[in-house]
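Q: Throw the hints in and build the complete structure from the sequences for me.
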Amino acid sequence: MKIDKNSFTPLYLQIEQQLTEKISAGEIKPGDPIPTEAALCEIYGVSRMTARKAVDYLVRQGRVARFRGRGTFVVEPGEQQKIILPLDRHLTASEVAQENNQRIENQVLEFRRMPASENIARELNIPAETDVYFMIRLRLLGDEPFVYEQCWMRAENLPDINRAAMTSSKYAYLRSKGFQPAGSTKLISAELPSNEIRLALHLSRDQPVLHSHAVVSFTDGTLFEVSDVYYNQKNYSFSVHAKVKA
0 MKIDKNSFTP LYLQIEQQLT EKISAGEIKP GDPIPTEAAL CEIYGVSRMT ARKAVDYLVR
60 QGRVARFRGR GTFVVEPGEQ QKIILPLDRH LTASEVAQEN NQRIENQVLE FRRMPASENI
120 ARELNIPAET DVYFMIRLRL LGDEPFVYEQ CWMRAENLPD INRAAMTSSK YAYLRSKGFQ
180 PAGSTKLISA ELPSNEIRLA LHLSRDQPVL HSHAVVSFTD GTLFEVSDVY YNQKNYSFSV
240 HAKVKA
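Each residue of the sequence shown is one higher than the one before, counting from 0 in numbering that gives the first Met the number 0.
No wet-lab data here; the hints were simulated from the structure.
The C-beta atom is built at its ideal place from N, Cα and C for all residues, glycine as well.
A couple of the hints might just be wrong.
[Claimed, not checked] Listed next, with one range per pair, are the computed distances between beta-carbon atoms: (1) F178 / L108: 43 to 51 Å; (2) S193 / G68: 17 to 25 Å; (3) G68 / N5: 36 to 44 Å; (4) Y172 / L222: 12 to 20 Å; (5) L12 / D130: 47 to 55 Å; (6) E155 / Q60: 42 to 50 Å.
A: So, in structure tokens, the structure goes:
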């Protein structure tokens with residue numbers, strides 16, 4: 000296998016194209032491993048970074064999947080279909096999992112009560128230094144981390160909220176206490192995550208995340224929560240139903 004180092008096509012794309020051709024031709028079948036990055040370096044005479052970018056590109060296309068400690072394997076066509084998350088509905092991660100008949104696990108990485116910063120207080124329309132609950136959760140579908148969540152929740156009226164309660168559905172817990180979430184206002188962006196988030200979601204260095212910054216309100220108009228949710232883009236796409244103005 001050869002690549003043209005004088006071509007205008009980047010080397011990593013040439014490697015990706017050759018691997019894609021082998022997968023399409025059935026030379027590398029679903030369930031088979033592709034060459035390791037070290038092997039690709041030796042085969043093509045390229046740097047480790049170039050080999051990694053070629054594999055990353057295949058991962059983003061959904062042709063292969065990485066498994067920590069095992070390697071990178073070709074997947075069945077359609078096996079890695081993305082979950083479509085509608086922007087015009089407020090769906091929690093638990094509801095998304097339920098709609099897709101998948102098991103969800105919540106790992107609470109941090110949970111504490113703290114004074115609200117000026118920015119969080121402003122978004123919640125409360126005085127600065129008012130107590131809020133701060134939480135970091137990693138959410139998994141099966142064994143795959145798909146959401147990294149940071150949130151700040153108003154502490155008033157929820158004196159008994161605790162870390163254990165947040166291993167289940169947050170909104171089911173709120174409803175059990177008589178609160179009714181009404182919806183949220185979101186800002187969506189694509190960005191490169193921090194190193195902490197990247198490692199938690201098992202992403203490579205140049206893989207972006209979908210970032211949702213949301214403010215959640217109750218039915219009585221109370222602003223309850225500010226959240227920063229980072230979606231593993233390997234698993235999610237966003238959709239919106241847009242109406243034409245009459």
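Q: All hints are to be evaluated individually against the structure, with a verdict given for each.
A: Hint by hint, here is what the structure shows:
1. A beta carbon spacing of about 24 Å between F178 and L108 contradicts the range 43 to 51 Å that was offered as a hint.
2. Our hint of 17 to 25 Å for S193 and G68 holds, since their Cβ atoms are close to 24 Å apart.
3. With their beta carbons about 38 Å apart, G68 and N5 fall inside the hinted range of 36 to 44 Å.
4. Separation of Y172 from L222 is about 18 Å and conforms to the stated range, judged on CB atoms against 12 to 20 Å.
5. Our hint of 47 to 55 Å for L12 and D130 holds, since their Cβ atoms are close to 52 Å apart.
6. At about 48 Å, the CB distance of E155 to Q60 agrees with the hint of 42 to 50 Å.
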